[in-house]
Amino acid sequence: KAGVTQTPRYLIKTRGQQVTLSCSPISGHRSVSWYQQTPGQGLQFLFEYFSETQRNKGNFPGRFSGRQFSNSRSEMNVSTLELGDSALYLCASTRDSSYNEQFFGPGTRLTVL
Amino acid sequence: DAKTTQPNSMESNEEEPVHLPCNHSTISGTDYIHWYRQLPSQGPEYVIHGLTSNVNNRMASLAIAEDRKSSTLILHRATLRDAAVYYCILRDRGGGSNYQLTFGKGTLLTVNP
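So the sequence lines, in the order shown, correspond to chains A and L.
According to my numbering, the residues represented by the first sequence are 70 to 182, in order.
According to my numbering, the residues represented by the second sequence are 125 to 237, in order.
Simulated from the structure, these hints should not be mistaken for lab results.
Zero decoy hints are in this set.
Straight-line distance between alpha carbons at most 27 Å, and here's what the computed DSS-like set of lysine-lysine pairs gives: (1) Lys193/L <-> Lys127/L; (2) Lys126/A <-> Lys127/L; (3) Lys229/L <-> Lys193/L; (4) Lys127/L <-> Lys229/L; (5) Lys82/A <-> Lys126/A; (6) Lys126/A <-> Lys229/L.
Work the whole structure out from these sequences, hints included.
This is how it looks when you write it as C-alpha cells:
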C-alpha cells in the first residue's frame, strides 16, 4: 500500500509569510504526527492529531498550528515565518496504538529567506 | 519519556556485523525500546522494538539486557545501504494517547566498502 505522502517536497518562502504543508497518512492510519528537523535541534515533536483532534503538542510557539480532516489527511501551518523556521518538516502516521511503529513521509524542506 | 544514551558515531566494514549500543538506565517497566534509523535525505524508518525478550526481524536483532538498562541493535551483515543515523527511543506502552517520539542525537553509522 502507498506510504505517507507529503506535499510539497520543497518550498521557499520569505520572512513574515505563512505556509501550509500537507500530509496524507497510510490508508487506515488514524494518527498523524508532525516533527521538525534542524541541524541544531535534531528531530523535535510538533503535534499529533487523531480523529480530527489535537491530542499532543510539543514545545513550539502558537505560530505553528495544524489540523486533521475526516479522511485523516493533515495540514500544518506556520504563520509569520522566521529564518529559524527553515527545516525539514516530517509527518508520520500510525495505527491506533502507542507502541506501534510510526511511518514517516519523506518530509517537506522549507527554506525561509 | 526516559532518556537514552548512544555513541555519537560508529564505523563498520561492509558485510561485517554491527552492534549499536544504547543505555537507558531510567527505563520503567512499561517502556518499550524502539529503534528507528534515518538514511540520508529520508524520513526516519522503523527498525525494531522490544520489551524484555530479544527480538529478531528481517532488518535486525534487538538484544535487551536482563535488567533492561541497556540494549543493543545488531545488524548481522552491514551493507552500504545501512549507513544512517540510528535512534534508540523509549516509549511507554501504557502511554495511552501519547504517540510522541522523543528523538535524541542518535548514532551515525558509517559503513566502509
